[in-house]
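Sequence order for the protein chains is E and V.
1 is the number of the first residue of the first sequence in the numbering used here; add one for each residue after it.
1 is the number of the first residue of the second sequence in the numbering used here; add one for each residue after it.
DSS-like, lysine-lysine: derived pairs with alpha carbons at most 27 Å apart:
1) V:Lys87 - V:Lys122
2) E:Lys91 - V:Lys6
3) V:Lys213 - V:Lys202
4) V:Lys213 - V:Lys175
5) E:Lys88 - V:Lys6
6) V:Lys156 - V:Lys213
Ranges of calculated distance between the beta carbons of each label pair, as one might list FRET restraints:
7) E:Gly72 - V:Ser208: 45 to 51 Å
8) E:Ile150 - V:Asn210: 52 to 58 Å
9) E:Ser148 - V:Ile10: 28 to 34 Å
10) V:Ala227 - E:Ile75: 22 to 28 Å
11) V:Gln131 - E:Ser148: 42 to 48 Å
12) V:Pro211 - E:Leu104: 42 to 48 Å
13) E:Val15 - V:Met1: 26 to 32 Å
No lab work stands behind these hints: they were computed from the structure.
Note that the structure is predicted; figures quoted are calculated from it, not measured.
The beta-carbon is built from N, C-alpha and C at its ideal position, and this holds for glycine as well.
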Amino acid sequence: MNRQRAIQEIIIPLVVAVIFPAAQNSQLLRIWGVNPNLAIVGLMILTIIIADYFRFFIFSGLLILFLKILPGFEIESAALLATALLMKIIKAISPWSVFLSPVLLIIMGTLVFYGIADYAFIFQEPGIFLRELAYNIVLGALAYLGLSAIYEEAR
Amino acid sequence: MRAALKALLIFFILGVIFYKNSFAVASLSLSSKLQSAFASPILLITNLFKSSSFVEQMTRLQMENQSLQAQLTRQALGRGSEDDFLKAKVHAIFSFNNKGSFTIDVGSLSGVKEGMVVVVAKDVFVGQISQVSSDWSEVRTIFDIGWQIPVRIGLKNTPALLLAGVPPAISMIDKARVPDLGDDIFTAGRGIPYGLKIGNLKNMRDISGNPFKEGDVALPYVIGELAEVLVLLK
Chain E
1 MNRQRAIQEI
11 IIPLVVAVIF
21 PAAQNSQLLR
31 IWGVNPNLAI
41 VGLMILTIII
51 ADYFRFFIFS
61 GLLILFLKIL
71 PGFEIESAAL
81 LATALLMKII
91 KAISPWSVFL
101 SPVLLIIMGT
111 LVFYGIADYA
121 FIFQEPGIFL
131 RELAYNIVLG
141 ALAYLGLSAI
151 YEEAR
Chain V
1 MRAALKALLI
11 FFILGVIFYK
21 NSFAVASLSL
31 SSKLQSAFAS
41 PILLITNLFK
51 SSSFVEQMTR
61 LQMENQSLQA
71 QLTRQALGRG
81 SEDDFLKAKV
91 HAIFSFNNKG
101 SFTIDVGSLS
111 GVKEGMVVVV
121 AKDVFVGQIS
131 QVSSDWSEVR
141 TIFDIGWQIP
151 VRIGLKNTPA
161 LLLAGVPPAI
171 SMIDKARVPD
181 LGDDIFTAGR
191 GIPYGLKIGN
201 LKNMRDISGN
211 PFKEGDVALP
221 YVIGELAEVL
231 VLLK
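Build out the structure end to end from the sequences listed, making use of the hints.
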């Protein structure tokens, strides 16, 4: 495997799978009391840069694992797993433009995640939900711009 | 053969994510170590080359100061301090916005029970134990949307209600006994020891059509910087 391929196929997905959950858990990116959902942003990145389903599952699984705060079953882990699979399927069949795709994936991912993990939250705290969604879209767009310099699939 | 190995790896990862065993606890420690490793460079940048150990010392001193102030308030209110504490390390903080909780490294084997109160520096309220296992517990904090705690404000003992959330807010401040900005907010609810400091009152305001005032809470700690807490055993 040459160096560029190793960076694209192993290093960058590994960085996303390990660093994004650590940043999420660190609470350091909190703005006006709202945390970004770097898990959704990370899953969007992995959806775009990894074509192979098996490798996508491995790196998504690592990302979900590093977000756990309790041993055993957590509804959030199940929600993220479902969100990851849905993102992968939607990306494969989506007719959207290359640029719209990450934004729509993030919107869909955030909705699906909270729809499974805690749907009441969307209606009880719409302000916080929308702020998080906006934050996720901005971070996702920035990540996508960075990716398009490295990956052919993101152009 | 390759397909079998792939299937094995998939089951292994699913097992690690969902199966309740000690490996998952190790992943919590790794997660909190990664969190600290990630936090330190950011702290270095944001605190202009101050080392994270120096920031920790400052945070600890600040908390001790808050605790001493809270103790004075409790004594003024006629509440003594004969509590029994269990030290606990914070494993990880719930990172999504729909819930405000964190996990600590003590559980039922150390005498922890559901409903016990968790404090910082002995007199500053952080939360309440919501879930207990043998060697870990989950703590519900005042960022957990939907939790309401009766409180009192300042030495006028103004009754009010803490609305937990992002951010937490104070509601139903009695207009007949308006507190001063900066006054201590302390616990006055059932199941929680009376007089534990929550924070200080800031930004009080009138709401049209509402007979009460509302306000915001200035917390004496940053939830993301908590490394150690105390569980009130008694």
